[in-house]
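Undergrad: The whole structure should be built from the sequences, with the hints applied where relevant.
If you read the protein sequences in the order shown, they are chains L and U.
Okay, so the first sequence: first residue is 1 according to the numbering used here, each after it adds one.
Okay, so the second sequence: first residue is 1 according to the numbering used here, each after it adds one.
Because the hints were derived from the structure by calculation, they are not lab data.
One thing to keep in mind: the hints can contain errors.
What the hints assert, rightly or not - 16 angstroms max Cα-Cα, derived EDC-like pairs, lysine to aspartate or glutamate:
1. LYS262(U) <-> GLU57(L)
2. LYS259(U) <-> GLU318(L)
3. LYS142(U) <-> GLU318(L)
4. LYS180(U) <-> GLU194(U)
5. LYS122(L) <-> ASP277(U)
6. LYS122(L) <-> GLU276(U)
7. LYS103(L) <-> GLU332(L)
8. LYS262(U) <-> GLU320(L)
9. LYS262(U) <-> ASP224(L)
Said to hold, decoys possible - Computed footprint of chain U on chain L, listed as stretches where at least three residues anywhere in the stretch have a Cβ under 8 angstroms from a Cβ of chain U:
10. 87-99
11. 119-127
The C-beta atom is built at its ideal place from N, Cα and C for all residues, glycine as well.
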Amino acid sequence: MENPLTSERTPLKLNTVGLSKKDYDGAPSTLCKGCGHNSISSQIVQVGYELNLRPHELIKLSGIGCSSKSPAYFLGMSHGFNALHGRMPSVATGALLANHTLKAIGVSGDGDTGSIGMGQFKHLMRRNVRMVYIVENNGVYGLTKGQFSATAEEGLELKYAGHNEFPPIDLCMEAIVAGCGFVARSFAGDAKQVRELLKAALSFRGTALLDIISPCVTFNNEDDSPKSYGYGTKHEKPLHELGFIPYAEEIQIAPMEPGELRTVRLHDGSLISLRNLDSDYDPTHKLAALERLQRAQETGEFITGLIYYNPDRPSLAEVEELHTPLAQLPPEQLRPGRESLEAFLQAYR
Amino acid sequence: MSVLERQQEAGYATRSPVINDFSLVVATANGTGSQTANLTLLRSFFKLGIPVHGKNIFPSNIQGLPTWYHIRVSHKGYIARKTSEILVAFNPATAAEDVRELPAGGVCVYNADLKNLPQRDDLIYYPVPVNELIAGVEVPVKRKPYIANMAYVGVLAWMLALPLEVVEEALGAQFGYRQKLIESNLQVVRRAHEWATQNLRKQDPYRLEPMNKTEGLIIMTGNEAGALGAVFGGVSVAAWYPITPSTSFMDALREFLPKLRKDPGGHPTYAVIQAEDELAAAGIVMGAGWAGARALTATSGPGISLMAEFVSYGYFAEIPAVIWDIQRVGPSTGLPTRTSQGDVSFAYTLGHGDTKHPVLFPSSIEECFEFGWKSLDLAEQLQTPVFVLSDLDLGMNNWMGRPFDYPDRPLERGKVLDAAQLEALGGFARYKDVDGDGIPYRTLPGTPHPLAAYFTRGSGHNEQAQYSERAQDYERLMARLAHKFTTARSLVPEPAVELHPSAKVGIIAYGTTRYAIEEARDRLARQLPTSFLRLRALPMGQAVREFVAAHERVYVIELNRDGQLHSILQNEMPEYAARLFSVAHLDGLPLTAEWVQKRLLQEEARLR
Ligand SMILES: Cc1ncc(C[n+]2csc(CCOP(=O)(O)OP(=O)(O)O)c2C)c(N)n1
Ligand code: SF4
Ligand SMILES: [Mg+2]
Numbered sequence: 001m002e003n004p005l006t007s008e009r010t011p012l013k014l015n016t017v018g019l020s021k022k023d024y025d026g027a028p029s030t031l032c033k034g035c036g037h038n039s040i041s042s043q044i045v046q047v048g049y050e051l052n053l054r055p056h057e058l059i060k061l062s063g064i065g066c067s068s069k070s071p072a073y074f075l076g077m078s079h080g081f082n083a084l085h086g087r088m089p090s091v092a093t094g095a096l097l098a099n100h101t102l103k104a105i106g107v108s109g110d111g112d113t114g115s116i117g118m119g120q121f122k123h124l125m126r127r128n129v130r131m132v133y134i135v136e137n138n139g140v141y142g143l144t145k146g147q148f149s150a151t152a153e154e155g156l157e158l159k160y161a162g163h164n165e166f167p168p169i170d171l172c173m174e175a176i177v178a179g180c181g182f183v184a185r186s187f188a189g190d191a192k193q194v195r196e197l198l199k200a201a202l203s204f205r206g207t208a209l210l211d212i213i214s215p216c217v218t219f220n221n222e223d224d225s226p227k228s229y230g231y232g233t234k235h236e237k238p239l240h241e242l243g244f245i246p247y248a249e250e251i252q253i254a255p256m257e258p259g260e261l262r263t264v265r266l267h268d269g270s271l272i273s274l275r276n277l278d279s280d281y282d283p284t285h286k287l288a289a290l291e292r293l294q295r296a297q298e299t300g301e302f303i304t305g306l307i308y309y310n311p312d313r314p315s316l317a318e319v320e321e322l323h324t325p326l327a328q329l330p331p332e333q334l335r336p337g338r339e340s341l342e343a344f345l346q347a348y349r
Numbered sequence: 001m002s003v004l005e006r007q008q009e010a011g012y013a014t015r016s017p018v019i020n021d022f023s024l025v026v027a028t029a030n031g032t033g034s035q036t037a038n039l040t041l042l043r044s045f046f047k048l049g050i051p052v053h054g055k056n057i058f059p060s061n062i063q064g065l066p067t068w069y070h071i072r073v074s075h076k077g078y079i080a081r082k083t084s085e086i087l088v089a090f091n092p093a094t095a096a097e098d099v100r101e102l103p104a105g106g107v108c109v110y111n112a113d114l115k116n117l118p119q120r121d122d123l124i125y126y127p128v129p130v131n132e133l134i135a136g137v138e139v140p141v142k143r144k145p146y147i148a149n150m151a152y153v154g155v156l157a158w159m160l161a162l163p164l165e166v167v168e169e170a171l172g173a174q175f176g177y178r179q180k181l182i183e184s185n186l187q188v189v190r191r192a193h194e195w196a197t198q199n200l201r202k203q204d205p206y207r208l209e210p211m212n213k214t215e216g217l218i219i220m221t222g223n224e225a226g227a228l229g230a231v232f233g234g235v236s237v238a239a240w241y242p243i244t245p246s247t248s249f250m251d252a253l254r255e256f257l258p259k260l261r262k263d264p265g266g267h268p269t270y271a272v273i274q275a276e277d278e279l280a281a282a283g284i285v286m287g288a289g290w291a292g293a294r295a296l297t298a299t300s301g302p303g304i305s306l307m308a309e310f311v312s313y314g315y316f317a318e319i320p321a322v323i324w325d326i327q328r329v330g331p332s333t334g335l336p337t338r339t340s341q342g343d344v345s346f347a348y349t350l351g352h353g354d355t356k357h358p359v360l361f362p363s364s365i366e367e368c369f370e371f372g373w374k375s376l377d378l379a380e381q382l383q384t385p386v387f388v389l390s391d392l393d394l395g396m397n398n399w400m401g402r403p404f405d406y407p408d409r410p411l412e413r414g415k416v417l418d419a420a421q422l423e424a425l426g427g428f429a430r431y432k433d434v435d436g437d438g439i440p441y442r443t444l445p446g447t448p449h450p451l452a453a454y455f456t457r458g459s460g461h462n463e464q465a466q467y468s469e470r471a472q473d474y475e476r477l478m479a480r481l482a483h484k485f486t487t488a489r490s491l492v493p494e495p496a497v498e499l500h501p502s503a504k505v506g507i508i509a510y511g512t513t514r515y516a517i518e519e520a521r522d523r524l525a526r527q528l529p530t531s532f533l534r535l536r537a538l539p540m541g542q543a544v545r546e547f548v549a550a551h552e553r554v555y556v557i558e559l560n561r562d563g564q565l566h567s568i569l570q571n572e573m574p575e576y577a578a579r580l581f582s583v584a585h586l587d588g589l590p591l592t593a594e595w596v597q598k599r600l601l602q603e604e605a606r607l608r
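TA: The structure is reproduced here in structure tokens:
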């Protein structure tokens with residue numbers, strides 16, 4: 001039977017917070033037709049609807065680039081902050097300190113994250129700010145017309161950019177090394193996997209990185225380029241099949257064959273099930289994750305799925321012991337009383 | 001003939017006493033722990049009731065380079081830097097030059113171990129046999145050098161007739177009543193005092209006498225005062241990257257917040273983040289301000305350079321933020337531990353494109369406190385980055401002041417619409433000038449209303465906050481921002497004006513140059529009476545124009561090379577540009593009254 005919540009054919013069906021899928025749309029996209037970034041936006045809209053998100057409880061942020069424009073094209077009823085090139089992590093950190101009860105989706109590009117914003121990216125992971133950090137990774141600078149980004153493969157040949165002399169930076173590895181506890185890779189063309197990962201990431205306790213290969217149809221879509229659609233569909237090697245079960249719905253998972261299924265319980269109680277394709281792959285093992293990524297790079301395949309998972313580190317808001325959102329404190333909690341000023345100054349007499 | 005005999009012959013001992021009016025400089029090497037001894041002296045004079053101020057002239061180094069601590073004692077209340085008559089020569093590396101700089105009749109209190117100290121006939125010398133005095137005092141080896149500095153405190157106490165009970169009290173304030181430390185320090189002070197009483201003969205005229213001019217006052221650094229002001233201004237997010245001389249601002253903030261700002265359940269009502277650089281610090285502040293926190297950062301010139309990108313953003317996207325710039329000497333790394341007013345034009349227009357920002361100029365610890373809370377109000381009222389331009393001299397040195405006035409008005413949170421208001425209004429346009437003051441309304445993320453959301457961007461936008469490259473939208477937006485800046489003129493702190501009824505000459509200055517200027521004006525009272533406008537903020541308001549209009553010549557005195565405020569004022573009042581004259585100077589040291597006096601007379605001779 002068709003699931004009414006996910007059906008594309010009944011768009012005006014309302015979810016449990018009374019919203020239709022359309023209510024999660026944004027402005028019409030101004031990106032190129034067929035751009036991978038657009039597919040990701042669609043999945044964010046779908047996930048917002050399916051997870052019954054209240055739009056006002058979420059903020060969306062980005063840096064600068066084609067990818068970073070996309071928050072304007074989804075969740076139109078959520079506050080958005082299109083920041084500076086490479087500086088979204090610091091803005092997100094500040095916003096989520098001001099109100100740590102907000103959910104946050106950040107969208108960045110491989111240039112935005114892997115070059116100008118590398119420092120802020122790594123420090124965001126290190127602080128474990130609770131948010132979903134999506135890199136729409138196309139191996140080029142789309143908005144400035146096709147220069148190589150730092151994630152482009154060594155030796156890659158592109159019409160405009162020429163020959164790439166330098167080895168790529170693997171953002172998943174960088175995230176793992178920086179302390180990120182939810183590191184996943186996917187492919188913009190794999191709608192189901194993107195959705196399941198997005199849902200799981202939104203339930204995670206700290207920073208969740210989704211490095212999504214998102215082909216630039218204008219500047220990097222020749223079939224032999226590893227970040228093209230053609231290459232992606234041929235070489236994508238999922239580590240596992242994913243299934244996400246939100247905690248709130250209390251759905252029982254059907255019993256699975258042992259050894260076939262690994263179920264990971266997320267911080268808020270949601271479950272993500274990973275049906276292993278790589279039978280020996282353990283996403284909770286840091287070194288194994290790094291090794292698997294390294295191996296994939298050497299063989300030119302790209303592995304997708306939840307690559308690393310570790311929910312043990314507290315989020316920044318937990319470290320800071322935040323309680324009432326700082327943005328909602330009443331004046332009497334922001335300004336100490338007259339007597340405390342007088343008492344305080346005694347020590348300086 | 002011995003030096004002493006020659007001095008007696010020269011008649012120094014018979015000079016009439018100079019009471020509560022001198023300047024002394026303690027020359028030591030950085031990292032030798034002289035700060036405790038120096039602050040003990042400062043606090044002792046303060047406790048005696050005599051107006052006093054101390055300035056630390058220190059190197060950008062942790063150990064070894066020379067440090068000078070200047071203390072000015074003045075019964076008249078003058079606290080500007082001034083040539084010192086009394087030298088404490090404890091640094092072998094600089095002793096020769098330090099001695100040469102003393103004026104005739106000066107006093108040199110020196111470490112008896114110093115070799116080759118220049119002998120001048122016109123000075124009075126008092127040795128301090130440090131090793132002898134600290135021998136046998138029971139302290140951990142690590143603290144020996146610290147204790148050694150107490151020896152000059154003892155000799156100075158003898159020389160200046162400073163009662164030892166007062167020193168003891170001052171030490172108590174230093175060590176927070178850690179009795180053991182007080183005791184060992186005091187032991188050295190007593191020994192030195194006793195030794196001096198028995199072995200030295202008072203030949204200089206300088207002496208202290210108790211007064212009551214510091215009654216009820218406090219002593220604090222500007223950075224502490226500013227941080228305390230922010231605590232009472234409701235700062236809730238602060239982010240920073242360490243840089244001298246702003247570090248102690250954040251140190252103070254992090255010390256004060258846990259003491260003063262817990263909610264009834266014991267949770268902090270703040271978060272302070274050490275960022276990875278000043279770019280990130282500014283980004284954190286922008287994100288926090290956007291989401292409804294009261295956010296600030298503190299930095300100095302090099303950090304301001306990095307923040308330019310975000311300040312331009314904050315101006316254009318209209319986000320409240322407070323940036324304290326504790327100015328030091330640039331360009332570039334410059335003189336990291338010397339004071340200046342060199343960031344005025346940079347801060348005022350920081351950012352690419354047409355940008356301008358309110359800038360506050362505190363000149364005292366009272367104003368640091370006041371602007372500490374007011375800047376947070378202004379930032380939210382105006383929805384824009386606000387600068388507070390302090391300087392190293394004010395920020396890091398100890399100053400006397402009146403106990404701070406509690407804020408005289410409730411927190412100002414600016415134009416923020418909540419869900420009920422949105423419902424009543426049927427929505428809002430983020431960048432529309434509804435009230436005619438150029439200040440639009442905003443909403444905070446998390447506001448539970450379907451019409452609350454808007455999209456913030458640093459690219460062109462229309463009144464509805466939608467992306468726009470339309471010429472009319474851009475021009476209109478920029479015109480409104482200019483209009484908002486006009487509104488700011490009446491919201492920022494007013495200047496402090498002292499009009500002299502017959503003065504043809506006016507002085508405009510800001511920040512800590514006031515002390516040298518106030519003293520110079522008194523000295524010039526007969527020869528060259530002047531009016532004084534102390535600017536407390538930019539953009540300037542009508543009062544400045546009126547002041548300039550009322551004088552034939554107005555000197556803009558400042559601590560930078562190019563006369564930065566002078567240029568700004570000429571720009572703002574082209575009609576009066578010809579009567580504004582720049583008197584600017586920067587060598588890394590605070591101005592002296594002598595310099596101000598001399599330069600004003602020179603300028604007058606040239607122009608009149
Ligand atoms: C400080 C700064 N430098 C340079 C730019 C120009 N710029 C805009 S987008 C971009 C690259 C974007 O690449 P990426 O993040 O990969 O996004 P994509 O367009 O590929 O999605 C650059 C260099 C800028 N906006 N700001
Ligand atoms: S240039 Fe590339 S990245 Fe940019 S919108 Fe077009 S396809 Fe997408
Ligand atoms: Mg890119």
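Undergrad: For each hint, tell me whether it holds in the structure or not.
TA: Taking the hints in turn, this is what the structure says about them:
1. LYS262(U) <-> GLU57(L): violated, 26 angstroms
2. LYS259(U) <-> GLU318(L): It is violated: about 20 angstroms lies between the C-alpha atoms, which goes past 16 angstroms.
3. LYS142(U) <-> GLU318(L): Violated: LYS142(U) and GLU318(L) sit about 39 angstroms apart, past 16 angstroms.
4. LYS180(U) <-> GLU194(U): Roughly 21 angstroms separates the two Cα atoms, so the pair is violated.
5. LYS122(L) <-> ASP277(U): holds, 13 angstroms
6. LYS122(L) <-> GLU276(U): holds, 10 angstroms
7. LYS103(L) <-> GLU332(L): Violated, because 27 angstroms separates the two Cα atoms, which is more than 16 angstroms.
8. LYS262(U) <-> GLU320(L): holds, 12 angstroms
9. LYS262(U) <-> ASP224(L): violated, 59 angstroms
10. 87-99: With 12 residues closer than 8 angstroms to chain U, the region 87-99 of chain L meets the three-residue bar; holds.
11. 119-127: holds (count 4)
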